[in-house]
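Residues per chain, in single letters:
There are 2 protein chains.
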Amino acid sequence: MTRGKVSLAYIAKDSARKATFTKRKGGLIKKTKELISLCEIEACGILFSPYDLEPEVWRSQLKAQQVIQKFRNLSLVEQSKRMVNQESFTKENVEKIKEKVTKKRNVNQ
Amino acid sequence: MTRGKVSLAYIAKDSARKATFTKRKGGLIKKTKELISLCEIEACGILFSPYDLEPEVWRSQLKAQQVIQKFRNLSLVEQSKRMVNQESFTKENVEKIKEKVTKKRNVNQ
DNA sequence: AACTCTATGGTTAGAAG
DNA sequence: ACTTCTAACCATAGAGT
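If you're matching them up, the sequences are chains H and B in order.
Residue numbering for the first sequence follows the UniProt record's numbering, starting at 1 and increasing by one per position.
Residue numbering for the second sequence follows the UniProt record's numbering, starting at 1 and increasing by one per position.
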């Protein structure tokens, strides 16, 4: 079980890579939240991955949230400029993505 | 050693809180970097803490870096608007902070 | 205060369902 | 492909310096 050390190299096998991504993403979010409550700081993480349509963002408090919102609005425009070959970030998707983000945010807290 | 479970409440004692912050910040950065190399994703973390003058940012690759740069430029302006009672984020500090960020970035990779 | 050490609790890779 | 389990590796609180 587990590995005989940490290799830290790219995991070539698709299913294993996705499994590890999902688990470790959860771990990172948990650790971030822990640090936030232990030290009453503001923190967030941002993940761009092929496994999520939108960048994954988690954060602590209202101010960070507002800053991230601005970042996100900007980044989506930036991405739509840069990712000319990638359907999922064309301008017509921006509004849909924003909507999802708002919903998710309401659920998270 | 360690505690008899994880409490996850705010650490009231200043020195202990700072020590934990420093250790856990390091842990988060390490975990983020691991996830980045294991899965070849782009990720970053952003920390606003009383222990650092500027928000702490770590990231993976060029594109994330560019996006973060935009985010940072925005956030500094936002912060200077909001933190009217806090000297360290007045407008005259913005350029100085940007300079430090650029230096740090060059060192990091 | 900042670094090292290390027992303990926490995270997670791989297996099993 | 997701969930749960758990051995084994890892992070870290508190102690020592």
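Calculated from the structure, these hints are not laboratory results.
Note that the Cβ used here is the ideal one computed from N, Cα and C, for glycine as well.
Hints are not guaranteed to be accurate.
[As the list claims (entries may be wrong)] The calculated lysine-lysine pairs, modelled on BS3-like cross-linking and capped at a C-alpha distance of 25 Å, are:
(1) 18(H) with 18(B)
(2) 18(B) with 13(H)
(3) 18(H) with 31(B)
(4) 18(H) with 33(B)
(5) 18(H) with 30(H)
(6) 13(H) with 30(B)
(7) 13(H) with 23(B)
(8) 30(H) with 33(B)
(9) 23(H) with 13(B)
(10) 13(B) with 30(H)
[Said to hold, decoys possible] Pair by pair, the computed Cβ-Cβ distance ranges are:
(11) 51(H) with 15(B): 16 to 26 Å
(12) 19(H) with 13(B): 34 to 44 Å
(13) 14(B) with 13(H): 40 to 50 Å
(14) 14(H) with 51(B): 36 to 46 Å
(15) 19(H) with 15(B): 37 to 47 Å
(16) 7(H) with 23(B): 17 to 27 Å
(17) 26(B) with 20(H): 30 to 40 Å
(18) 14(H) with 13(B): 44 to 54 Å
(19) 14(H) with 14(B): 42 to 52 Å
(20) 22(B) with 30(H): 32 to 42 Å
(21) 14(B) with 12(H): 38 to 48 Å
(22) 13(H) with 10(B): 33 to 43 Å
Status of each hint after checking the structure:
no. : hint                         : result
1   : 18(H) with 18(B)             : violated, 35 Å
2   : 18(B) with 13(H)             : violated, 40 Å
3   : 18(H) with 31(B)             : holds, 16 Å
4   : 18(H) with 33(B)             : holds, 16 Å
5   : 18(H) with 30(H)             : holds, 18 Å
6   : 13(H) with 30(B)             : holds, 23 Å
7   : 13(H) with 23(B)             : violated, 32 Å
8   : 30(H) with 33(B)             : holds, 16 Å
9   : 23(H) with 13(B)             : violated, 32 Å
10  : 13(B) with 30(H)             : holds, 23 Å
11  : 51(H) with 15(B): 16 to 26 Å : violated, 40 Å
12  : 19(H) with 13(B): 34 to 44 Å : holds, 39 Å
13  : 14(B) with 13(H): 40 to 50 Å : holds, 47 Å
14  : 14(H) with 51(B): 36 to 46 Å : holds, 40 Å
15  : 19(H) with 15(B): 37 to 47 Å : holds, 40 Å
16  : 7(H) with 23(B): 17 to 27 Å  : holds, 24 Å
17  : 26(B) with 20(H): 30 to 40 Å : violated, 21 Å
18  : 14(H) with 13(B): 44 to 54 Å : holds, 47 Å
19  : 14(H) with 14(B): 42 to 52 Å : holds, 47 Å
20  : 22(B) with 30(H): 32 to 42 Å : violated, 19 Å
21  : 14(B) with 12(H): 38 to 48 Å : holds, 47 Å
22  : 13(H) with 10(B): 33 to 43 Å : holds, 42 Å
In the structure shown, a violation is registered for the earlier hints numbered 1, 2, 7, 9, 11, 17 and 20, in ascending order.
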